[in-house]
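The primary structure of each chain is shown beneath.
Number of protein chains: 2
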Amino acid sequence: MSFKNFKVVPKLIFGRGSFSQLDEVLAEERKSENDFVVYVVDKVHQGKELENRIPKKEQDLTLWVYVDEEEPTTKQVDELTNQVKAHSNNNPVSVVGIGGGSAMDLAKAVSLMLTNPGGSAKYQGWDLIQNPAVHHIGIPTVSGTGAEASRTAVLCGPERKLGLNSDYTVFDQIIMDPELIASVPTDQWFYTGMDCYIHCIESLEGTYLNEFSKAYGEKSLELCRQVFLEDHPEKDDKLMMASFMGGMSIAYSQVGACHAVSYGLGYVLGYHHGIGNCIAFDVLDEFYPEGVKEFRQMLKKHNVTLPKNICKDLPDETIQKMVKVAKSMGPLWHNVYGDGWEEKVTDEMLTELYRRI
Amino acid sequence: MSFKNFKVVPKLIFGRGSFSQLDEVLAEERKSENDFVVYVVDKVHQGKELENRIPKKEQDLTLWVYVDEEEPTTKQVDELTNQVKAHSNNNPVSVVGIGGGSAMDLAKAVSLMLTNPGGSAKYQGWDLIQNPAVHHIGIPTVSGTGAEASRTAVLCGPERKLGLNSDYTVFDQIIMDPELIASVPTDQWFYTGMDCYIHCIESLEGTYLNEFSKAYGEKSLELCRQVFLEDHPEKDDKLMMASFMGGMSIAYSQVGACHAVSYGLGYVLGYHHGIGNCIAFDVLDEFYPEGVKEFRQMLKKHNVTLPKNICKDLPDETIQKMVKVAKSMGPLWHNVYGDGWEEKVTDEMLTELYRRI
Numbered sequence: 001m002s003f004k005n006f007k008v009v010p011k012l013i014f015g016r017g018s019f020s021q022l023d024e025v026l027a028e029e030r031k032s033e034n035d036f037v038v039y040v041v042d043k044v045h046q047g048k049e050l051e052n053r054i055p056k057k058e059q060d061l062t063l064w065v066y067v068d069e070e071e072p073t074t075k076q077v078d079e080l081t082n083q084v085k086a087h088s089n090n091n092p093v094s095v096v097g098i099g100g101g102s103a104m105d106l107a108k109a110v111s112l113m114l115t116n117p118g119g120s121a122k123y124q125g126w127d128l129i130q131n132p133a134v135h136h137i138g139i140p141t142v143s144g145t146g147a148e149a150s151r152t153a154v155l156c157g158p159e160r161k162l163g164l165n166s167d168y169t170v171f172d173q174i175i176m177d178p179e180l181i182a183s184v185p186t187d188q189w190f191y192t193g194m195d196c197y198i199h200c201i202e203s204l205e206g207t208y209l210n211e212f213s214k215a216y217g218e219k220s221l222e223l224c225r226q227v228f229l230e231d232h233p234e235k236d237d238k239l240m241m242a243s244f245m246g247g248m249s250i251a252y253s254q255v256g257a258c259h260a261v262s263y264g265l266g267y268v269l270g271y272h273h274g275i276g277n278c279i280a281f282d283v284l285d286e287f288y289p290e291g292v293k294e295f296r297q298m299l300k301k302h303n304v305t306l307p308k309n310i311c312k313d314l315p316d317e318t319i320q321k322m323v324k325v326a327k328s329m330g331p332l333w334h335n336v337y338g339d340g341w342e343e344k345v346t347d348e349m350l351t352e353l354y355r356r357i
Numbered sequence: 001m002s003f004k005n006f007k008v009v010p011k012l013i014f015g016r017g018s019f020s021q022l023d024e025v026l027a028e029e030r031k032s033e034n035d036f037v038v039y040v041v042d043k044v045h046q047g048k049e050l051e052n053r054i055p056k057k058e059q060d061l062t063l064w065v066y067v068d069e070e071e072p073t074t075k076q077v078d079e080l081t082n083q084v085k086a087h088s089n090n091n092p093v094s095v096v097g098i099g100g101g102s103a104m105d106l107a108k109a110v111s112l113m114l115t116n117p118g119g120s121a122k123y124q125g126w127d128l129i130q131n132p133a134v135h136h137i138g139i140p141t142v143s144g145t146g147a148e149a150s151r152t153a154v155l156c157g158p159e160r161k162l163g164l165n166s167d168y169t170v171f172d173q174i175i176m177d178p179e180l181i182a183s184v185p186t187d188q189w190f191y192t193g194m195d196c197y198i199h200c201i202e203s204l205e206g207t208y209l210n211e212f213s214k215a216y217g218e219k220s221l222e223l224c225r226q227v228f229l230e231d232h233p234e235k236d237d238k239l240m241m242a243s244f245m246g247g248m249s250i251a252y253s254q255v256g257a258c259h260a261v262s263y264g265l266g267y268v269l270g271y272h273h274g275i276g277n278c279i280a281f282d283v284l285d286e287f288y289p290e291g292v293k294e295f296r297q298m299l300k301k302h303n304v305t306l307p308k309n310i311c312k313d314l315p316d317e318t319i320q321k322m323v324k325v326a327k328s329m330g331p332l333w334h335n336v337y338g339d340g341w342e343e344k345v346t347d348e349m350l351t352e353l354y355r356r357i
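As you go down the protein sequences, you meet chains A and B in turn.
Numbered as in the numbering used here, the first sequence ends at 357 without a single skipped number.
Numbered as in the numbering used here, the second sequence ends at 357 without a single skipped number.
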């Protein structure tokens, strides 16, 4: 296809308090008494108010996931999938991901691995998934990644960090309840929000841009400004929409230089996607001059200080590893430079960038 | 449900020239050699270039539809459905609507009536459809109605003009090719585009508004301004996105006073939706002062003159009929006034409005 046939989340609920409708939504999937649901939930909600609001039936299974210290891995996905298989000989009628991008990506990946044998590392790449996933629902409690709208589940595998990209990865349903993101700690709120801001800039400045991505990207960016510069009273609602629309924008275009550099940081040094993007973006003035300038205003307004001199004194071989990861992101660089990107994305250029981080 | 679980078109293609991918999209639906496709196409394309580009196989059926003189009717839907049934004992693997809002709505309605017995008038209303439709694809060749994104197919029935509103009505696929709208006659381009402008205003000024509808409505409105006030070089792409996003905006909110008044004009006097909306909007200064002002700038810029004094000398009983239709649009008035709308939407108020048209 010359133009992507873009698979979109087919059902969505938006509204303050709409989390309460999860029970009703799941009731449509539960056909018999033994039908069970799997909740993949960010550990941060354990023992908190949200745990009590999860409409868990006796036969259901909750998988609490740690996503604080490292990005989701293929190993983690396979272990979670095995836990579901140990719970029942049948598949669940739905897998519900509750949390930020990592928890939602884990839920997507588990729903795929329940119907596609052989372990998740086998499916890292594009359109390698053979069978439709188990019904899966995404409920963001941190906003910015766009994971709720995307056709990927980003995983660190034995060889590289790469998503399970497929139409089957897309959620069957999302519930966007702005009340859920009100209590996110400021740092995480900021870093994850900046993921949205940054991928909109990358999308809007990229060669892949069309009017579809542009309309979504521009609106998302405008909402980000209302949230992070104007401190708008409706900022939770706006950030949730910004994240969704940002996801829609990149789904039809592509991210760019910042994500490529950030992937290297994430894979080699373990930096989380959100903060990794911020650290990388801060040295990309030449790529995105206006965007980086505005980003620094946002940093300042929210008193966020980024770690500095992270790579300055690292051994050459560590830098080389990161350069290799960043360089392997072909489509991202194609989006940045258009055809002929291979000549522009040199080891020297990337080494110089990393050394400034 | 307190918040709508909004069914969205799950697959979409956007791009100049993407109409050529229709064959490839349909190939995924054709499983055996006898599988056939039904094309519901606006008669305006017959004998024109687009006809030759339709990927019609020998077993396929093309239904050319006149939608110039009147809005689609339940009778027309039932006749078209019978033509499909006469063509084969099996159902088609896809029904493809190519044209403006009317042609697309006819395609939606036929795809529904092939699996739901008893005639389309029976299903005018909300969620009366029992069975999933035949796979159906929407391809706009005129932009503005938002029919490509909506969960309704608006039909004039024996008793009233009312849509087949259901999740099953939503297209399974849309193809948005801005090249297709380049050759629309100016009047039609303008009136249909104003449908989009107007329902965004109604959505943004309504009591049903949330941040989802707002984000979509605001972006759609901005795109309309670029198209109709700035005459932007990418205006075809922009209008196509405005229409889609406008449709997304009202799907999660509601239209308002203009559509209610326009429904009366359409049902009793046969005015097409687009021009009917324009005529109605022009007397709604009290409801939408800023919007009506800007709309008149657009009229002026494009030298469009609206018919005047249409209702001035009509018999009282004709006016009463229109008032009755407009008044029956409860949800629209609820969106305008909120609770207690019944006391505000009086025969006197509506009669006075119509007399000024």
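Just so you know, these hints were derived from the structure itself, not from any lab.
Check the hints yourself; a few may be wrong.
To be verified - The calculated SDA-like cross-link candidates involving lysine to any residue, where the alpha carbons are at most 25 Å apart (straight line), are:
no. : chain 1 : residue 1 : chain 2 : residue 2
1   : B       : Lys214    : A       : Val93
2   : A       : Lys7      : B       : Val93
3   : B       : Lys7      : A       : Asp339
4   : B       : Lys4      : A       : Lys4
5   : B       : Lys11     : A       : Gly163
6   : B       : Lys11     : B       : Asp35
7   : A       : Lys300    : A       : Pro185
8   : B       : Lys293    : B       : Gln188
9   : A       : Lys4      : B       : Arg16
10  : A       : Lys31     : A       : Ser2
11  : A       : Lys11     : B       : Glu28
12  : A       : Lys235    : B       : Phe6
13  : B       : Lys11     : A       : Val93
14  : B       : Lys11     : A       : Asp35
15  : A       : Lys4      : A       : Asp339
16  : B       : Lys214    : A       : Asn52
17  : B       : Lys324    : B       : Glu159
18  : B       : Lys11     : A       : Pro132
19  : A       : Lys4      : B       : Thr115
20  : B       : Lys214    : A       : Asp316
21  : A       : Lys11     : B       : Glu159
22  : A       : Lys324    : A       : Arg16
23  : A       : Lys11     : B       : Thr115
24  : A       : Lys214    : B       : Asp35
25  : A       : Lys7      : B       : Gln188
26  : A       : Lys11     : A       : Asp68
27  : B       : Lys4      : A       : Asn52
28  : A       : Lys31     : B       : Lys324
Evaluated hints:
no.: 1; hint: B:Lys214 / A:Val93; verdict: violated, 34 Å
no.: 2; hint: A:Lys7 / B:Val93; verdict: holds, 20 Å
no.: 3; hint: B:Lys7 / A:Asp339; verdict: violated, 38 Å
no.: 4; hint: B:Lys4 / A:Lys4; verdict: violated, 29 Å
no.: 5; hint: B:Lys11 / A:Gly163; verdict: holds, 21 Å
no.: 6; hint: B:Lys11 / B:Asp35; verdict: holds, 21 Å
no.: 7; hint: A:Lys300 / A:Pro185; verdict: holds, 17 Å
no.: 8; hint: B:Lys293 / B:Gln188; verdict: holds, 21 Å
no.: 9; hint: A:Lys4 / B:Arg16; verdict: holds, 12 Å
no.: 10; hint: A:Lys31 / A:Ser2; verdict: violated, 41 Å
no.: 11; hint: A:Lys11 / B:Glu28; verdict: holds, 23 Å
no.: 12; hint: A:Lys235 / B:Phe6; verdict: holds, 22 Å
no.: 13; hint: B:Lys11 / A:Val93; verdict: holds, 23 Å
no.: 14; hint: B:Lys11 / A:Asp35; verdict: violated, 29 Å
no.: 15; hint: A:Lys4 / A:Asp339; verdict: holds, 19 Å
no.: 16; hint: B:Lys214 / A:Asn52; verdict: violated, 32 Å
no.: 17; hint: B:Lys324 / B:Glu159; verdict: holds, 12 Å
no.: 18; hint: B:Lys11 / A:Pro132; verdict: holds, 15 Å
no.: 19; hint: A:Lys4 / B:Thr115; verdict: violated, 30 Å
no.: 20; hint: B:Lys214 / A:Asp316; verdict: violated, 50 Å
no.: 21; hint: A:Lys11 / B:Glu159; verdict: violated, 32 Å
no.: 22; hint: A:Lys324 / A:Arg16; verdict: violated, 44 Å
no.: 23; hint: A:Lys11 / B:Thr115; verdict: holds, 22 Å
no.: 24; hint: A:Lys214 / B:Asp35; verdict: violated, 38 Å
no.: 25; hint: A:Lys7 / B:Gln188; verdict: violated, 31 Å
no.: 26; hint: A:Lys11 / A:Asp68; verdict: violated, 29 Å
no.: 27; hint: B:Lys4 / A:Asn52; verdict: holds, 24 Å
no.: 28; hint: A:Lys31 / B:Lys324; verdict: violated, 44 Å
Violated hints for the displayed structure, listed by number in ascending order: 1, 3, 4, 10, 14, 16, 19, 20, 21, 22, 24, 25, 26 and 28.
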